[in-house]
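Undergrad: Required output: the full structure, derived from the provided sequences and hints.
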Amino acid sequence: MKRWLVNTILVVYIGAFSWGILCHGMSTLTGTHPAMYFFVWDMFCGWANYEKRNFVIGEGVSGTFYELDPPPWGEMHPFGRIGRRHYDVSGITCVKSAFNTLRHTDHEPMARIYVIEQNWSKKYNLPDSLWYMYFSDRKDPTLYYHVQYVVNGDGTPIEASPGWLQIQQQLVQASNPRVQAELQRSMPFMMIEKQSNPSAMPSNAFLNPALVQQPSAGTGN
Amino acid sequence: MSTETSPASLGLRNPIQATSRFFHATEAPYGMALIRIFLPWTLFFTHIGRWFYTREIFSTDGATTPLWNAYGYHGLLPEFNGEVMVALHTLLLFCLVTASIGWCTRISLVVSTILFTYTNLLDCIGTIAKYSCIATHALLILSMSRCGDVWSVDAWLKGWSRRENHWPGEARIAWPKSEAWARRLMQLCLAYVYFGAGVTKLKTTEFFSGNQLVSWMITNVNFEHSLGEFFAMHPALLIVMAYITVVWEITFPFVIWAGWGRIVALTIGVGFHISTYFLLGLTTFPALCLSMYFAYLDENDFRLIAHAMRKVARKHKEMWNRVAALWPRLNPPQRAWLPAPAAMVLACCGVAVAGVGLEHYIDPYGERRPEGRHTLKEMDPEFVAEMMRPAPPIKDKDVFFSLDVGSFLAGNVILQQQTTFKAGDKAIAQVFTVTPHVDMLVSCDLHDSEDRVVHRSSTIIGREVQRGTFTYQLGTSLEPGTYYLVLKNGSTEITRRELNILPGPDSPVRAPLAQ
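Line by line, the protein sequences give chains A and B.
Okay, so the first sequence: first residue is 1 according to the working numbering, each after it adds one.
Okay, so the second sequence: first residue is 222 according to the working numbering, each after it adds one.
Hints in this document: simulated from the structure, not taken from any laboratory.
One thing to keep in mind: the hints can contain errors.
As the list claims (entries may be wrong) - Some, not all, of what chain B presents toward chain A, calculated at C-beta under 8 Å:
#1 441
#2 599
#3 622
#4 717
All C-beta atoms in this analysis are idealised placements derived from N, C-alpha and C, irrespective of residue type, glycine included.
TA: What follows is the structure in structure tokens.
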């Protein structure tokens with residue numbers, strides 16, 4: 001290859017890598033273009049303390065509930081022993097998978113489609129041998145369910161909310177009495193965001209001050 | 222030992238010349254050839270399982286989740302129907318194999334790079350990951366390199382047969398040489414990846430406390446990793462590993478070029494990637510990165526390795542001859558019916574058509590089954606009702622991850638769990654809470670065997686804090702016997718740990734009680 005061409009490739013490539021490191025280090029412009037995904041090395045993004053799984057359920061017009069994901073023909077296990085749907089952190093693509101299942105199966109008309117997340121404390125992932133070495137109490141995980149998305153049978157979004165863990169974090173932040181008082185005094189507002197994709201659901205949700213009055217995370221005994 | 226040197230050590234007085242020599246020195250591309258041989262197989266095994274779901278995850282006949290949508294670039298690249306995607310995905314698998322064996326190497330690698338990147342981009346949930354980005358870079362660099370010049374079908378067809386070329390470094394061998402810039406780019410790619418990953422960890426405040434690593438070790442989204450679960454209960458070791466990892470990642474680009482720094486950095490790297498399998502259950506990522514490590518071996522290293530292998534072969538001559546006799550001695554064809562690129566194009570077409578036919582036969586959606594299309598599985602309404610109910614507030618037992626007891630703190634965590642103490646010893650209890658949680662008044666009282674409080678100790682654990690530590694001086698006045706550390710949130714008991722206190726050297730001698 002011509003020397004000038006090689007040198008150009010080297011400069012461009014090393015420059016792109018350096019730009020990625022700089023943007024990542026300064027936490028800026030990392031989401032400007034899909035190409036940035038190839039130059040930002042944020043492999044350790046932090047892992048939540050709760051394990052999460054997604055359930056995708058269809059409610060037929062007869063009131064019967066159906067499993068939409070995993071589909072009846074089986075699901076892919078991309079990185080381990082669990083299905084692809086569980087790697088969807090936001091849960092939004094589960095809706096698309098649900099409609100794909102509906103397209104390729106025989107079923108009654110659907111009234112609603114739900115994306116429900118299931119969470120549990122990761123300490124219950126420990127095998128029994130380790131559990132009983134370090135814990136005196138019974139291994140009895142509490143499962144926290146949360147309806148994240150509700151969609152009409154024709155695909156119209158009805159309800160969307162942040163994830164369960166995000167809500168718990170908001171509750172903890174709002175448990176401050178001064179913040180609660182401010183919330184009571186402030187007018188509630190609706191976030192209206194311009195969607196470039198009409199089929200996408202809003203990711204921001206209205207934080208109901210009444211919800212803040214409920215017992216906050218960690219006091220559920 | 223390698224004579225490889227950094228651009229700086231090549232001559233600080235003339236950095237331009239040194240840099241030019243760093244990138245443009247000529248060598249036989251052994252390292253790149255080995256990457257070409259091993260890396261495509263890693264990707265092949267990653268994608269072969271996905272082939273059966275091509276229609277579902279990569280085509281408009283399924284539910285694609287393109288990465289460009291997540292960045293707001295809707296419709297950035299075209300999406301194709303099931304048949305086209307099956308053909309392209311089959312072609313990708315075929316080209317990965319031909320790239321590995323080195324048949325029409327450059328075409329195979331270029332096609333692999335394009336199709337691998339495109340298919341990955343189509344599935345941001347279950348296919349694209351940071352390891353696939355590294356693989357994209359590796360494939361791109363390989364496709365620009367002369368990695369097919371050695372140890373390949375292309376080289377064999379050109380007459381570089383085994384008869385003429387035995388080992389690297391033998392005087393009568395003249396493998397084709399090319400400039401080292403592609404291998405340097407591969408080295409720099411991995412160095413940048415490590416440096417970036419190190420920056421990420423430096424920005425993650427909870428990384429060095431070991432708390433996030435504990436979570437990581439017990440996450441069940443990858444394959445089994447029993448060693449990780451064990452380490453999760455020994456956070457002090459995780460903290461040590463966290464520091465070693467970050468120091469290694471940040472210094473890697475600066476020490477990897479020569480001398481002991483290179484040996485140490487590569488040794489830690491090999492250990493690091495192998496440990497990600499046992500600690501985290503990762504498979505593709507370590508295989509991919511380890512195959513890229515061949516870029517750090519230069520021509521001289523291969524001579525040394527070949528020399529050592531020759532010595533072993535001579536030492537076990539009989540066995541070596543037997544093995545060598547089994548090796549097929551194929552001479553390249555004198556005359557070919559078709560030039561290799563034309564044969565490659567025909568093979569690609571045939572493989573793609575065969576792939577589409579096979580997928581049609583498999584019928585992944587089951588739409589042509591004799592019993593008709595699939596029907597949906599009904600769910601238990603009670604289970605659905607349970608899921609629909611509003612979630613309860615987080616239970617205290619979930620906020621409190623563990624209550625560790627020991628006698629020595631390292632890195633602000635208990636170094637070694639211990640439940641037997643002598644009177645006069647110091648005992649340390651540490652509660653590990655997980656976020657999110659509210660501000661809490663937590664007590665950890667010492668109770669005797671009849672559940673009477675012997676010692677009270679409490680602390681406030683703020684919402685941002687994950688560990689609370691309680692220290693007890695187990696006085697000689699304590700009766701030897703069984704005690705309990707009782708953890709309470711407010712007035713609610715969370716858990717308790719049993720302690721055994723033995724008589725200490727200064728314990729008063731007590732007369733036995735009358736029977």
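Undergrad: Hints first: check each against the structure and report whether it holds.
TA: Hint by hint, here is what the structure shows:
1. 441: holds (5 Å)
2. 599: With a closest approach of 6 Å, the residue 599 of chain B hint holds.
3. 622: Check passed: Cβ of residue 622 of chain B comes within 5 Å of chain A, closer than 8 Å.
4. 717: holds (6 Å)
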